[in-house]
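There are 4 protein chains.
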Amino acid sequence: MTSTWGKMLKMTLFGQSHGVALGLVLDGLPAGFHLDTQRLQAFMWRRAPGLEEWTSSRQEQDKPQFICGLKDDTITGTPLAALIYNQDSNSADYQSWQNIARPGHADFTVFARYGMQAELIGGGFFSGRLTAPLCLAGGIAMQILEQQNIYIGAHIQEIGGIIDSSYDPILLTKEQLLIAGSRDFPVNDLPMGEQMKKSIRKAQQEKDSLGGIIEGAALGLPTGVGSPPFGGIENRLSQILFAIPALVGLEFGSGFGAAKQRGSQNNDPFIVEQGQIRTAGNNHGGVLGGISSGMPLIFRVAIKPTPSIAKEQRSVNMTTLQETKITVQGRHDPCIAPRALPCVVAATALALLDMMLEQGKIL
Amino acid sequence: MTSTWGKMLKMTLFGQSHGVALGLVLDGLPAGFHLDTQRLQAFMWRRAPGLEEWTSSRQEQDKPQFICGLKDDTITGTPLAALIYNQDSNSADYQSWQNIARPGHADFTVFARYGMQAELIGGGFFSGRLTAPLCLAGGIAMQILEQQNIYIGAHIQEIGGIIDSSYDPILLTKEQLLIAGSRDFPVNDLPMGEQMKKSIRKAQQEKDSLGGIIEGAALGLPTGVGSPPFGGIENRLSQILFAIPALVGLEFGSGFGAAKQRGSQNNDPFIVEQGQIRTAGNNHGGVLGGISSGMPLIFRVAIKPTPSIAKEQRSVNMTTLQETKITVQGRHDPCIAPRALPCVVAATALALLDMMLEQGKIL
Amino acid sequence: MTSTWGKMLKMTLFGQSHGVALGLVLDGLPAGFHLDTQRLQAFMWRRAPGLEEWTSSRQEQDKPQFICGLKDDTITGTPLAALIYNQDSNSADYQSWQNIARPGHADFTVFARYGMQAELIGGGFFSGRLTAPLCLAGGIAMQILEQQNIYIGAHIQEIGGIIDSSYDPILLTKEQLLIAGSRDFPVNDLPMGEQMKKSIRKAQQEKDSLGGIIEGAALGLPTGVGSPPFGGIENRLSQILFAIPALVGLEFGSGFGAAKQRGSQNNDPFIVEQGQIRTAGNNHGGVLGGISSGMPLIFRVAIKPTPSIAKEQRSVNMTTLQETKITVQGRHDPCIAPRALPCVVAATALALLDMMLEQGKIL
Amino acid sequence: MTSTWGKMLKMTLFGQSHGVALGLVLDGLPAGFHLDTQRLQAFMWRRAPGLEEWTSSRQEQDKPQFICGLKDDTITGTPLAALIYNQDSNSADYQSWQNIARPGHADFTVFARYGMQAELIGGGFFSGRLTAPLCLAGGIAMQILEQQNIYIGAHIQEIGGIIDSSYDPILLTKEQLLIAGSRDFPVNDLPMGEQMKKSIRKAQQEKDSLGGIIEGAALGLPTGVGSPPFGGIENRLSQILFAIPALVGLEFGSGFGAAKQRGSQNNDPFIVEQGQIRTAGNNHGGVLGGISSGMPLIFRVAIKPTPSIAKEQRSVNMTTLQETKITVQGRHDPCIAPRALPCVVAATALALLDMMLEQGKIL
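Protein chains in written order, with the working numbering: chain A, 137 to 499; chain B, 137 to 499; chain C, 137 to 499; chain D, 137 to 499.
Hints are computed from structural coordinates only; laboratory data are not their basis.
Incorrect hints may have been included.
Where chains are identical, the list cannot tell them apart; a pair therefore holds if satisfied intra-copy or between any two copies.
To be verified - List of simulated lysine to any residue pairs, SDA-like, C-alpha gap at most 25 Å:
| # | residue 1 | residue 2 |
| --- | --- | --- |
| 1 | Lys143 | Arg467 |
| 2 | Lys396 | Thr463 |
| 3 | Lys497 | Gly356 |
| 4 | Lys497 | Thr359 |
| 5 | Lys461 | Gln283 |
| 6 | Lys199 | Gln177 |
| 7 | Lys310 | Arg467 |
| 8 | Lys497 | Glu282 |
| 9 | Lys497 | Gln283 |
| 10 | Lys310 | Gly360 |
| 11 | Lys143 | Gln495 |
| 12 | Lys334 | Arg450 |
| 13 | Lys338 | Met328 |
| 14 | Lys396 | Glu342 |
Nothing here was measured: the structure is a model prediction, and the numbers come from that model.
Using the sequences provided together with the hints, build the complete structure.
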């Protein structure tokens, strides 16, 4: 439950931000599945840094080297393992503030948990770079789910007060679901994306950063997936989504909005459509009592502003207990939401695949 | 991961809303701990129905019968098991709409998951009544944590647009934390509570229901608790909190609000206070990178409006696939937030105790 | 991993030998399976005491009361729970040697593990009586496996130097597999059984007890079941079999005998029979590299002599640390192997069912 | 439960016999422990091939490359990962019998489990080479246990009918425990070792192989370790020991011998020695009811003869279903027991360390 996740699908992450490599072991994949490694790489690049002006300039190819578990791009069924070598780590960035806890980062809490010998440079094991192997795993999960006509997508719902158009929770099509992910800046509504980018640039110029909200959705999930009370969709999704650094909130369907509604508004009436039981609305976000209803699965996550900012901040030297100032230089995303988005998609794919495997819906 | 939860502490829930009894098995408790069974019962009664005008009139004493694991109120160290007999179930209420899926409930999804032989009356295993054994377990966990000076509390943050005063995320005292829980209606600010009750009564008269927001907090949690990326505080709390029916959102610290902030606002500067590293603010809600910072742990959950309402709603007979109307008679809470609150406290206690046990901080 | 076992199938045991009741929670059973409760009870009675001269005279009906999870004898898919009330516990037997560790029993180690407040009377949670709910669970598992044409049986291979005829590891039929279990004294060869009983009676008259060897087998297990290296058949079977008190050894196929053989003798040549790959011999006991080969699964377990004997033994008072003598009066089996046998069958059924569920071979 | 093992300590193995590398991820190690990497390497070489005439001539240095989790040989507390590159794999050996199931190997069952795309060459993921990372993990566990004065050793009890002198189950000293492991051929009694080697050589000349028995022991394990019924010492040890290929039997204390004894012989009287409760004998092998008694932990495992033999054997081509002959050329140990021995020690160390961590005896 620390670096290993999953029930049928066991995912183990390892590595450090400024170490040799990051790594993944993924066990429990269906044997014989043919992987499209080009699409897999393309998915990973949605998360990789250095590609856009609004991302960190750290240049990482994030090309996985497969150690085992693949044979001619076919999954063998025994553990799949891969390394992603770090190519452009720059520890020098971190020398100037060694032992000074960066505000908003886990430096201090990791130090409290593991002691001074913990590798803190660049966040060590707790760096956002660990989402590279997460995306590798998630990209594989997505391809397996797609073979079952299950598709997962996400778009940026909000950055800097600018709001993208939401997914239609009832009529959402596969095309609408996936359009944002195919864009450099993952929004449904292009002009809104342009405004968001402007807003990010402005924050960066002001040595600051922005948070955001991501809306995720899944289409095609069969009715009846989920094992409440502790293995329901919300339990399983939340457990893995909160592994994404900077993710500080999660809501399903109408979520916090439901708290302001009445039952008669929030309840979704059941109807029959083409011989299938469906709901007329989708305030429930596709999940009732932890089990999928067959409606689009809809959720939103809150991403806090990137903690690394070039503005001077107050902090403490953890070894001397002296108060001091810190200016976090280095190559950081002024808003992490765009790159957190594929991680949200990846984590969702992993949770849903694990649940599908658990219920024998994929063998 | 379905009805059994936990790593060091294994909790297993069983029973059905309209069956003989509900049950709990709790294994991994520290041997030799002396339980205050009166306080335990008092805590359970905070969740029990029939006590206040704004709760269901179902009369349940919710008195656990301990089967094993206690000897003269001392924990033996081997599994503790208890039954809570159902005393006032009234299946007649449910006869009229048999096989008709109640909107907002899990009837349809449970049917899809387990088939027609699943016991659906009163929600069966998926009823809110299953939170009775959850509160029993949580009440035990709370007493063990209190011996370590760890206290958990919650208050109703919002119902029907009426907003209670929040916990002070920095200066929160044990008394402030626990005051709401000691009241019939769990708010910090009594006049706000009166207004909320009025609002609930009004909704009930209008055959409708309300949702709400609960703010939870923990004081005294040592710095350095949490095992990210998959066993961090957020992962562990979210996994169990989402087992509470009607819980549809969760945020830590500034949560969804952080998404609207800049890094310079949201980052909490580190300071030294009485020789200890602390933060000047607490937007991070006491958890950084999945690990406790030593600041108060602060989170909020969204509770959807009670799905059972006396207003007529559209629905479907699941066996005949005929569309129909349903009026959910029976004894239901017009707003479940007040009774969900002790469940939130209980779940939090269980997660934190399990993490403390895992790190050997309680033996 | 203490009182809860299993991956897809979660079994939780609770209760105490001299407490109110023993209990079982079994989650993950296939919904909709119709249980033959009479056959289930008959299986449990194979383990129950008081039925034969060579068993303890404690009179226990071992009739489970189902709390939930069954509806008209059909499995609902949500947790099944049952209590088995203790009806004939006699704690007076245990008064005379309170705090004196019975040799060969876990009194001392349980005391060291859980402290003096652990319930030790009659072995408490660690009594052989906890195998009653194990057999209840196993009896359910057997019926589900039988629907897949998987049958499990066992016979007493050896007691007091008297040796029963072994299962034919290649040609074993369902009838041969199950014959011993249908007999009062579970052997293949009736005259050998009579000699064993004589030998047990003699030991009992001499205030002593005997050990024994049980041979277990499973027929019909499909080829390809098992998830090595840590979830192979031997790992899974051994983990649960060693939960049976008094079980001190386990071997698969030729087992310890293989250690004395050469590869050319012990290797089983592959052949083709009716278009299927089979082995000409079965020294491998139906499992190669942790995965089933399709041949009969064959294993043997060693059962130590019942520790409770009426002969005077040396021991220690655990509270005073005084050396003393103990004569373990009470109602004890002079040889526990016959009653351990259904437990071995039950544990095997549970392990195999869990593995079948894990691989989606039963849904 | 397939390639990931453990509760507090999570070990994940990956790699293939003839792939790029083998790998290990080990999470949950105590942060701050200083590792003696030279001793670790020395331990691994006890398992490595190519070192002695009686081992495979495959030349593998088995030098781990650490990816993360170590900093100046100090354990950081976050996942430790290492690769062991394959340097001398020779797939040509395997070309001649491609698709022909080697008798006694898992080729056929792996094929049945994972299908034809499973990597079978050299046993793939199911090769004995996967015990290299197991020994790496176990060697680390041993050093941590030694700091607690817990020592684990093993010697070859029997090969080819030649029997080594057993450990004294009561008076065993640390020196006696470790002497065999320090020798090229791990026996207590050197002349017996010479005879065993002769016997192995003879079998090899006759194109055959031998099995053997290994006796393992642990000293210094505190009283009270173990969580029965499912997490007792026997459950935990057996689950991991059966991950060692060729291991086909396991017994604790007097084991199968106990089956032939009477209670009065097999029960170990309790006595007081230097103010401590001990047993006069040790037929129970240091474990009573799944919990350590403080006496030496004693167990024996049966190792089957190496399946790979140069003698011609009958087999089947798995793709054509044609019966055929196979002569398993290649570099194989004529008796695997000597090299299985450090694996047994490693597995034992891992299980005991995990249990010590679970009970908070090591933090």
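Going down the list of hints, with the structure as the test:
1. Lys143 with Arg467: Close neither inside one copy (36 Å) nor across copies (38 Å); limit 25 Å.
2. Lys396 with Thr463: For Lys396 and Thr463, only the inter-copy Cα distance (22 Å) is at most 25 Å; the intra-copy one is 41 Å.
3. Lys497 with Gly356: Answer is both: 13 Å inside a copy and 24 Å across each meet the 25 Å cutoff.
4. Lys497 with Thr359: Both, since 11 Å and 21 Å are each at most 25 Å.
5. Lys461 with Gln283: neither (53 Å within a copy, 38 Å between copies)
6. Lys199 with Gln177: Within. Shortest intra-copy distance 7 Å satisfies the 25 Å Cα cut-off; inter-copy 31 Å does not.
7. Lys310 with Arg467: neither (35 Å within a copy, 42 Å between copies)
8. Lys497 with Glu282: both (13 Å within a copy, 23 Å between copies)
9. Lys497 with Gln283: both (12 Å within a copy, 21 Å between copies)
10. Lys310 with Gly360: Classified as within: same-chain Cα gap 21 Å, cross-chain 37 Å, threshold 25 Å.
11. Lys143 with Gln495: The answer is both: 11 Å in one copy and 12 Å across copies each meet 25 Å.
12. Lys334 with Arg450: neither (28 Å within a copy, 46 Å between copies)
13. Lys338 with Met328: within (15 Å within a copy, 41 Å between copies)
14. Lys396 with Glu342: between (36 Å within a copy, 16 Å between copies)
Going down the numbered hints, you'll see the structure goes against 1, 5, 7, 12, while the others check out.
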